[in-house]
Amino acid sequence: MSNGPNPEKASMIVFSGDMDKVMAALIIANGAAAFDIEVTMFFTFWGLKAIQKGNLTGKGVMGRMLGVMNRGGLKRIGPSRLNMGGMGRWMFKKMMKKRNVTPLPEMLRQAQELGVKMIACEMSMQVMEIGKEDLIDGIQVGGVGSYLAVASESKFSLFI
Amino acid sequence: MSNGPNPEKASMIVFSGDMDKVMAALIIANGAAAFDIEVTMFFTFWGLKAIQKGNLTGKGVMGRMLGVMNRGGLKRIGPSRLNMGGMGRWMFKKMMKKRNVTPLPEMLRQAQELGVKMIACEMSMQVMEIGKEDLIDGIQVGGVGSYLAVASESKFSLFI
Amino acid sequence: MSNGPNPEKASMIVFSGDMDKVMAALIIANGAAAFDIEVTMFFTFWGLKAIQKGNLTGKGVMGRMLGVMNRGGLKRIGPSRLNMGGMGRWMFKKMMKKRNVTPLPEMLRQAQELGVKMIACEMSMQVMEIGKEDLIDGIQVGGVGSYLAVASESKFSLFI
Chain A
126 MSNGPNPEKA
136 SMIVFSGDMD
146 KVMAALIIAN
156 GAAAFDIEVT
166 MFFTFWGLKA
176 IQKGNLTGKG
186 VMGRMLGVMN
196 RGGLKRIGPS
206 RLNMGGMGRW
216 MFKKMMKKRN
226 VTPLPEMLRQ
236 AQELGVKMIA
246 CEMSMQVMEI
256 GKEDLIDGIQ
266 VGGVGSYLAV
276 ASESKFSLFI
Chain B
126 MSNGPNPEKA
136 SMIVFSGDMD
146 KVMAALIIAN
156 GAAAFDIEVT
166 MFFTFWGLKA
176 IQKGNLTGKG
186 VMGRMLGVMN
196 RGGLKRIGPS
206 RLNMGGMGRW
216 MFKKMMKKRN
226 VTPLPEMLRQ
236 AQELGVKMIA
246 CEMSMQVMEI
256 GKEDLIDGIQ
266 VGGVGSYLAV
276 ASESKFSLFI
Chain C
126 MSNGPNPEKA
136 SMIVFSGDMD
146 KVMAALIIAN
156 GAAAFDIEVT
166 MFFTFWGLKA
176 IQKGNLTGKG
186 VMGRMLGVMN
196 RGGLKRIGPS
206 RLNMGGMGRW
216 MFKKMMKKRN
226 VTPLPEMLRQ
236 AQELGVKMIA
246 CEMSMQVMEI
256 GKEDLIDGIQ
266 VGGVGSYLAV
276 ASESKFSLFI
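First to last, the sequence lines map onto chains A, B and C.
Read left to right, the first sequence gives residues 126 to 285 (the numbering used here).
Read left to right, the second sequence gives residues 126 to 285 (the numbering used here).
Read left to right, the third sequence gives residues 126 to 285 (the numbering used here).
Calculated from the structure, these hints are not laboratory results.
Hints may be right or wrong, so weigh each one.
[Unchecked claim] The calculated DSSO-like cross-link candidates involving lysine-lysine, where the alpha carbons are at most 30 Å apart (straight line), are: (1) C/Lys-219 x B/Lys-184; (2) C/Lys-219 x B/Lys-257; (3) A/Lys-223 x C/Lys-184; (4) C/Lys-134 x A/Lys-134; (5) C/Lys-257 x A/Lys-222; (6) A/Lys-219 x A/Lys-184; (7) C/Lys-200 x A/Lys-218; (8) B/Lys-242 x B/Lys-218; (9) C/Lys-184 x A/Lys-218; (10) C/Lys-242 x B/Lys-134; (11) A/Lys-134 x C/Lys-200; (12) C/Lys-222 x A/Lys-242; (13) B/Lys-134 x A/Lys-242; (14) A/Lys-219 x C/Lys-219; (15) A/Lys-257 x B/Lys-219; (16) A/Lys-242 x B/Lys-280; (17) B/Lys-223 x A/Lys-178; (18) C/Lys-257 x A/Lys-223; (19) B/Lys-242 x C/Lys-134.
[Stated by the list, open to error] Okay, the calculated bits of chain C under chain B, using three or more residues with CB under 8 Å as the criterion: (20) 154-162; (21) 227-234; (22) 275-283.
By construction, the Cβ of each residue, glycine as well, lies at the ideal position given by its N, Cα and C atoms.
Sequences are here, hints too, so could you generate the full structure?
The following block contains the structure:
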């Protein structure tokens with residue numbers, strides 16, 4: 126937040142909507158922001174789920190079908206492995222709580238408070254029929270150019 | 126293509142053969158190339174499917190089995206999620222068309238026209254019994270060293 | 126190992142515990158190390174399996190359940206695709222052997238001999254109830270800060 130005139134930058138493409146990968150992305154983002162690195166997260170494809178409010182989305186028949194099958198929101202996403210119909214999600218939350226790991230929605234809030242810039246991929250939103258009103262507050266909408274502009278200046282850039 | 130004497134560089138390892146990840150890789154590659162960045166894509170493991178012609182491959186019993194189970198070609202690959210035996214692929218293509226997103230084979234052609242350098246991983250080709258004649262035109266074959274040489278000079282390098 | 130006073134650096138987050146992705150990570154690491162690049166691998170989440178001895182882990186009920194379902198060790202992990210209940214793992218090993226590809230445990234040993242620095246993610250170890258005694262020798266334990274410190278100085282940094 127209080128970075129100097131030429132702060133270091135880092136960027137991430139959050140492509141995955143899996144709970145564990147989104148968590149890894151946020152831990153890196155918040156860690157980097159705490160080190161005064163200017164972080165930009167570009168959410169695309171399934172990664173949009175991490176910044177959706179969680180309501181049903183879609184306008185056409187297929188868009189609405191996708192909205193049901195691929196419902197967004199941090200409370201709904203499960204891990205990439207061992208999800209077992211939601212049991213994995215429940216189990217991971219429990220194990221994280223036991224070890225005092227910050228819950229995912231709070232990690233996201235922290236990221237926003239630390240000034241992590243979040244961009245939602247415009248093309249993915251159009252294809253998946255997800256509107257700006259379906260996203261949480263504080264998200265910009267942009268194209269691949271907005272990622273590339275910051276990726277070129279980044280100390281590191283990850284595809285997650 | 127008309128980059129200056131010391132153009133910026135970017136590189137990607139395309140490890141995944143999923144339709145959605147290959148699409149993300151090509152969107153980034155074409156976007157970067159349009160910004161006069163010299164892009165190198167290194168296709169390895171399942172990522173080889175994106176640059177295969179689509180014919181059956183393999184010489185030995187196992188190689189031919191793998192060729193059937195893991196058949197390449199941009200028209201055959203499905204998304205990493207919600208593929209549902211090919212229905213997802215069909216649905217995504219339809220939703221992309223509705224929003225005028227360039228189809229995948231055309232994106233690949235554009236990338237080649239924009240001068241994106243494509244390298245197929247030699248070791249993966251040998252292990253999976255995929256020959257140079259199984260790949261589309263304009264692909265170089267190389268080892269991990271050819272990736273590392275460009276990765277060290279890249280503004281950003283992604284593992285997709 | 127015999128890097129000069131300011132060697133080039135590269136870093137990787139090994140998030141995945143899939144055999145094929147771990148192999149890709151080690152091939153890149155060993156290739157880079159052979160080019161005198163100082164490589165740091167940060168193993169987190171499922172990636173910890175690659176540096177586990179392979180014994181059963183966990184203390185509480187859920188930790189032990191996870192230890193069974195997600196048992197570590199390079200000999201147990203299977204590929205991200207076409208594993209088919211272990212058949213894929215067997216088939217890949219066979220195809221790799223036929224082409225004289227170094228087996229995974231030997232690749233890991235080579236990486237350590239080449240001076241590749243390996244860090245296990247402390248938080249993941251705590252959440253998954255994996256102890257230092259469950260890891261192979263020569264692994265440091267550290268937080269996200271230890272990754273970020275090297276990522277900022279890296280020529281390239283990958284999320285695998």
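Which of the listed hints are broken here? Per hint list: 6, 11, 12, 14, 21 violated.
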